[in-house]
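2 protein chains.
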Amino acid sequence: MHAKTTRFLVALLCCAWSVGAQAATKTATTKPEPKLGAAELIAQSKPQDWRGLDPENTLLMQLDSGQVIIELAPRFAPQHSANIRTLAKERYFDGLAVLRVQDNFVTQWGDPDAENAERAKPLGTAAKHVPAEFDVALKGLPLTRLPDADGWAPVTGFVDGMPVAADPRKGRAWLAHCYGMVGAGRNNPPDSSTGAELYVVIGQAPRGLDLNITLVGRVLKGMELLSGLPRGGPNMGFYDKPEQRTAIRSTQLLADLPEAERPALQVLRTDTPLWQQLLAARRDRREEWFVHNPGHINLCNATVPVRNQPAP
Amino acid sequence: MHAKTTRFLVALLCCAWSVGAQAATKTATTKPEPKLGAAELIAQSKPQDWRGLDPENTLLMQLDSGQVIIELAPRFAPQHSANIRTLAKERYFDGLAVLRVQDNFVTQWGDPDAENAERAKPLGTAAKHVPAEFDVALKGLPLTRLPDADGWAPVTGFVDGMPVAADPRKGRAWLAHCYGMVGAGRNNPPDSSTGAELYVVIGQAPRGLDLNITLVGRVLKGMELLSGLPRGGPNMGFYDKPEQRTAIRSTQLLADLPEAERPALQVLRTDTPLWQQLLAARRDRREEWFVHNPGHINLCNATVPVRNQPAP
Chain D
1 MHAKTTRFLV ALLCCAWSVG AQAATKTATT KPEPKLGAAE LIAQSKPQDW
51 RGLDPENTLL MQLDSGQVII ELAPRFAPQH SANIRTLAKE RYFDGLAVLR
101 VQDNFVTQWG DPDAENAERA KPLGTAAKHV PAEFDVALKG LPLTRLPDAD
151 GWAPVTGFVD GMPVAADPRK GRAWLAHCYG MVGAGRNNPP DSSTGAELYV
201 VIGQAPRGLD LNITLVGRVL KGMELLSGLP RGGPNMGFYD KPEQRTAIRS
251 TQLLADLPEA ERPALQVLRT DTPLWQQLLA ARRDRREEWF VHNPGHINLC
301 NATVPVRNQP AP
Chain X
1 MHAKTTRFLV ALLCCAWSVG AQAATKTATT KPEPKLGAAE LIAQSKPQDW
51 RGLDPENTLL MQLDSGQVII ELAPRFAPQH SANIRTLAKE RYFDGLAVLR
101 VQDNFVTQWG DPDAENAERA KPLGTAAKHV PAEFDVALKG LPLTRLPDAD
151 GWAPVTGFVD GMPVAADPRK GRAWLAHCYG MVGAGRNNPP DSSTGAELYV
201 VIGQAPRGLD LNITLVGRVL KGMELLSGLP RGGPNMGFYD KPEQRTAIRS
251 TQLLADLPEA ERPALQVLRT DTPLWQQLLA ARRDRREEWF VHNPGHINLC
301 NATVPVRNQP AP
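Read top to bottom, the protein sequences are chains D and X. Residues in the first sequence are numbered from 1 upward in steps of one, following full-length UniProt numbering. Residues in the second sequence are numbered from 1 upward in steps of one, following full-length UniProt numbering.
Careful, some of the hints might be misleading.
Unchecked claim - DMTMM-like mimics (lysine to aspartate or glutamate), calculated; alpha carbons at most 25 angstroms apart, straight line:
#1 X/K221 / X/E261
#2 X/K170 / D/D64
#3 D/K170 / X/E287
#4 X/K128 / X/E56
#5 X/K89 / X/D256
#6 D/K241 / X/D64
#7 X/K241 / X/D94
#8 X/K128 / X/E118
#9 D/K170 / X/D148
#10 X/K121 / X/D240
#11 D/K89 / D/D64
#12 D/K128 / D/D94
#13 X/K128 / X/D113
#14 X/K170 / D/E288
#15 X/K170 / D/D148
#16 X/K128 / D/E288
#17 X/K35 / X/E287
#18 D/K89 / D/E115
#19 X/K241 / X/D148
#20 X/K139 / X/D167
#21 D/K89 / D/E261
#22 D/K170 / X/D135
#23 X/K89 / X/D113
#24 X/K170 / D/D284
#25 D/K35 / D/D148
#26 D/K89 / D/D54
#27 D/K170 / X/D284
#28 X/K221 / D/D240
#29 X/K221 / X/E56
#30 X/K170 / X/D135
#31 D/K46 / D/D284
#32 X/K89 / X/D191
#33 D/K121 / D/D191
#34 X/K35 / X/D49
#35 X/K35 / X/D284
#36 D/K221 / X/D240
#37 D/K128 / X/E288
#38 D/K128 / D/E118
#39 D/K121 / D/D54
#40 X/K241 / D/D49
Everything labelled a hint here was simulated from the structure, so no lab data went into it.
Can you build the whole structure from these sequences, using the hints too?
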């Protein structure tokens, strides 16, 4: 066994999907209907297949280990997004910490003293009460449908590059708890989240949370800085000791940063023929390595690519 | 917002499913048909709901950070399991390392010099060629079916506590690439894996790998030691520098350890009424926190509980 090649090929499956994959997918030449793989499709993309970021709806969370870029989802959670914008503008998150990493579930951050009324960091001018934003009207939503069966919801697809599920019978749609999605922790009352305490999905999609808690956005970059942290203890992943926590140096909107300091990322558009081609390439695997074609793709396996803006 | 409670409740969702959850699920008292939650069901389990480990089919991988316990799946991959047993008995894995951690995909370990014929560690008496073991006959398999729609396969369920998918039309069944499942890396030829290089799923289930590569078992304990490692670089998660690697001190079968050093774990049986009740509790969430009942469970969200053997 040539381990290098072996490793390469086991690796390839994810990489072909990600942007900046140096290892291009090999297009099978001996199989019928050879098509481009995901990496080739991305390599051949046009500038109009990508979009930039809205600086008013994108957060830069600075850790000692690097930057985490989070895109908010104001179409799905307008009031939470607005509150998080206020919290970021007033530097609420600066100096807070990652408090919890529960394996195969979530990484969560916020104020370690939030439960202590005297020591809790004030929310400033941010709202202390925000309505639950679990779903929105399906009608009028620019949903790019994914035809593949989901199990959790009758319809799935993509809106603004975010994974979405929907129920046409009820006329409702909602963000789905896929890997990298960011949500707002809440108490028993459905409307008890404010956006001051956030979590990100780091394991198998806990889709049972869908429609039960407000998702507010998606990590575009730096996910590995949140998913690769040491797990907390048996108390649901909460760190036992303060020194285990990861400090959050700052969290700011890109709009509040000097233009030169704003990461120039681009997100692949999900309302294009290229996105459909990418989904097809991911569904029907024609790379030489595959002996069985899955012929299926799940919403949460179809992560929307992000790249650094190419030099002009 | 009472953050402590908030955190508690967001936490609860996973915890109620895991063994040893201190925070018991609250049974709703105001909703119709109150039923026991998963944590209560496990707390009320009988000794016969659990089974011990086969020392000849369980590996203890010793890292500096702790122990990883891996249960092999000889029913599905008899020849890979036998080869891995041989490799472990001859201490092939001792001194190897975690070479790769690709975010939302796999952690992979093996011989860093495997590609170098002169420096590669010899496989000893282990087979240099092992047939692909991608699927087995469905007929006769003690499959506990999961009725919920999957998308990737017409049938899913559990055998010996492992997640399994099946196609009755073809009469075949196979292990599914869920979080924590361990596989044997291979090259382009389907029969190019030997079990000397292994990976474990650390993200959203890459079910597109099913039927394409041999799965050999499941991590029963210590998963967080493999999933919580720093991610490798853009080269598909391979570490750029040897010092980034995590050393594997040793990997032995429990059978080759003194009895006192064998971890006394138990796995919940998946051929029992209790397992059905647990699946139901996970599918229909009646805890107070939930405002929407998912009414669905996916194979890869239904991790089979593992516990320390209770004191007699």
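Self-check item: Structure versus earlier hints - violations, ascending order
Solution: Per hint list: 2, 19, 22, 39, 40 violated.
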